[in-house]
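S.K.: With chain A fixed as given, assemble chain B onto it according to the hints.
2 protein chains.
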Amino acid sequence: MKLKVYADRMSQPSRAVIIFCKVNGIDFEEIKVELSKRQQLSAEFKEINPMGKVPAIVDGRLKLFESHAILIYLAGAFPGVADHWYPADVSRRAKIHSVLDWHHSNLRRGAASFVLNTVLAPALGLSLNPQAAAEAEKLLSTSLSIIESIWLKGNGRFLLGGFQPSIADLSLVCEIMQLELLSEEDRSRILGPHKKVQQWIQDTRNATRPHFDEAHNILHKVKTKLAVQLSVRANSEMESSIKRVLPSKM
Amino acid sequence: MKLKVYADRMSQPSRAVIIFCKVNGIDFEEIKVELSKRQQLSAEFKEINPMGKVPAIVDGRLKLFESHAILIYLAGAFPGVADHWYPADVSRRAKIHSVLDWHHSNLRRGAASFVLNTVLAPALGLSLNPQAAAEAEKLLSTSLSIIESIWLKGNGRFLLGGFQPSIADLSLVCEIMQLELLSEEDRSRILGPHKKVQQWIQDTRNATRPHFDEAHNILHKVKTKLAVQLSVRANSEMESSIKRVLPSKM
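Chains A and B, in that order, are what the protein sequence lines are.
The letter at position 40 of the first sequence is residue 40 when you use UniProt numbering, and the numbering goes up by one with no holes.
The letter at position 20 of the second sequence is residue 20 when you use UniProt numbering, and the numbering goes up by one with no holes.
A hint or two may mislead.
In silico DSS-like links for lysine-lysine, alpha-carbon gap of 30 Å or less [as the list claims (entries may be wrong)]:
{"#": "1", "chain 1": "B", "residue 1": "LYS63", "chain 2": "A", "residue 2": "LYS138"}
{"#": "2", "chain 1": "A", "residue 1": "LYS195", "chain 2": "B", "residue 2": "LYS46"}
{"#": "3", "chain 1": "B", "residue 1": "LYS2", "chain 2": "A", "residue 2": "LYS138"}
{"#": "4", "chain 1": "A", "residue 1": "LYS63", "chain 2": "B", "residue 2": "LYS223"}
{"#": "5", "chain 1": "A", "residue 1": "LYS46", "chain 2": "B", "residue 2": "LYS63"}
{"#": "6", "chain 1": "A", "residue 1": "LYS153", "chain 2": "B", "residue 2": "LYS2"}
{"#": "7", "chain 1": "B", "residue 1": "LYS2", "chain 2": "A", "residue 2": "LYS196"}
{"#": "8", "chain 1": "B", "residue 1": "LYS153", "chain 2": "A", "residue 2": "LYS196"}
{"#": "9", "chain 1": "B", "residue 1": "LYS196", "chain 2": "A", "residue 2": "LYS138"}
{"#": "10", "chain 1": "B", "residue 1": "LYS63", "chain 2": "A", "residue 2": "LYS153"}
{"#": "11", "chain 1": "A", "residue 1": "LYS63", "chain 2": "B", "residue 2": "LYS63"}
Partner residues are not named here, just some residues of chain B that face chain A (Cβ under 7 Å, in silico) [to be verified]:
{"#": "12", "residue": "PRO87"}
{"#": "13", "residue": "SER98"}
{"#": "14", "residue": "HIS104"}
{"#": "15", "residue": "GLY154"}
{"#": "16", "residue": "PHE163"}
{"#": "17", "residue": "LEU226"}
{"#": "18", "residue": "GLN229"}
{"#": "19", "residue": "VAL232"}
{"#": "20", "residue": "ASN235"}
{"#": "21", "residue": "GLU239"}
Because the hints were derived from the structure by calculation, they are not lab data.
Note that the structure is predicted; figures quoted are calculated from it, not measured.
Yeah, the Cβ is synthetic: ideal placement off N, Cα and C, and Gly gets one too.
Okay, chain A solo, but in the shape it has when bound:
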């Protein structure tokens, strides 16, 4: 039975899993779980992942969630995945686990909360929270500095000084790609100072093309949609403020 990947490409860890499968020639069926329709909370999907989150996979009798766990599993369970993605060497593997663990409470938390509280919230029926956005930006910028000064400090092009990407590069770069949804001003303020990070994103992209670009296409579409929604909202707010002002002048 073919591997099933439950995903929404709007989710950065979903994209990491999809790209990993495609780059490594893992045969899989992609099953769309639409977050905007809250399909991840359906009883049917909760049979797959009781946490109600994407991505999740089903491989034979195994149901699995948490994208890092999925990437590690796929690297070990499918033949033909090159060693650099998740090296057999116990020390190199340890360093990858260390970066992936760090990711949860740092880059991930900062990036996801910043994107949510500056652009995504209204599309999910939530309010924007400028204070949460400000705190998230701090965590995000610190995380990018750490990546730049600690894990990309060597001569290698990838995390931990490697010359080929690992699952940690893929996971973290997909997270940062979520910043494509931001305004150009926000994005360049945050990413601008980190030249090595920018080069590393490009290198990871090049190493996983064309699958990387194909999986990220959705971000450009959604960005356009968000911009239209924003302008409609701004127009309707302007109209209602004109209506409020006009009667008082009559």
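M.R.: Below, chain B without anything else, positioned relative to chain A:
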């Protein structure tokens, strides 16, 4: 050269690493990094872990931080660690990674923030934040419900239905043990409804005795110290309010 473990037993992941080494007969040197003295931020320690956090290890040329990464490394690099701690079977291993990944943004975040914002903050020179405590309690309680209803739902005594503990049991139970620092009222309100969780804590404790109790001794000492500080603070506040009241009556 002997394995070096840099730790403060007040840190729950530090205890998990120390207990793991002792239970598995791994020969190590424990090097205390006192969080209350901010030793984790010293230039010397940052040579070991640039993130300025404990635990961290040095094993030969390898410097490693993040407790889950450390536990996985130790299980693989040292002979004689029983398979149940970190099974060779790729599916069982995947489930352990999944629980450990989930831990970061759920149980860990809830428990650590609740303990910080109800009892620990003043000892670290910070203010208690009741709103953050309330949010943390919600996340903590949801996390305990998930452990009870999903991962302890089988007949096994440990996470994922096992009959022997894994590194995930050890990591998560050490996290929950941090609740020993709370008032009895808070602790029983939060843990009371979760009978399976209570039994699982006891089972993990039994499986790792006497090292479990020895590593957790510090919590009882610190709890007494916090209670004394609290009563001194309450007395001095009472005295100053009496002083404020008395002159106005005179």
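S.K.: Now tell me if each hint is right for this structure.
M.R.: Tested hints:
1. LYS63(B) with LYS138(A): Holds, at roughly 27 Å.
2. LYS195(A) with LYS46(B): 24 Å, holds
3. LYS2(B) with LYS138(A): At roughly 39 Å apart (the allowed maximum being 30 Å), LYS138(A) and LYS2(B) break the hint.
4. LYS63(A) with LYS223(B): 41 Å, violated
5. LYS46(A) with LYS63(B): 40 Å, violated
6. LYS153(A) with LYS2(B): Judged against 30 Å, a Cα distance of about 28 Å means the pair holds.
7. LYS2(B) with LYS196(A): It is violated: about 36 Å lies between the C-alpha atoms, which goes past 30 Å.
8. LYS153(B) with LYS196(A): 47 Å, violated
9. LYS196(B) with LYS138(A): Distance of about 39 Å is beyond 30 Å: violated.
10. LYS63(B) with LYS153(A): Since the Cα atoms of LYS63(B) and LYS153(A) sit roughly 16 Å apart, the hinted pair holds (cutoff 30 Å).
11. LYS63(A) with LYS63(B): 34 Å, violated
12. PRO87: 12 Å, violated
13. SER98: Holds, about 4 Å.
14. HIS104: Cβ of HIS104(B) sits 4 Å from chain A, so the hint holds.
15. GLY154: 14 Å, violated
16. PHE163: PHE163(B) check fails; min Cβ-Cβ to chain A is 19 Å, beyond 7 Å.
17. LEU226: 25 Å, violated
18. GLN229: 29 Å, violated
19. VAL232: With Cβ-Cβ at 33 Å, over 7 Å, it is violated.
20. ASN235: 36 Å, violated
21. GLU239: 37 Å, violated
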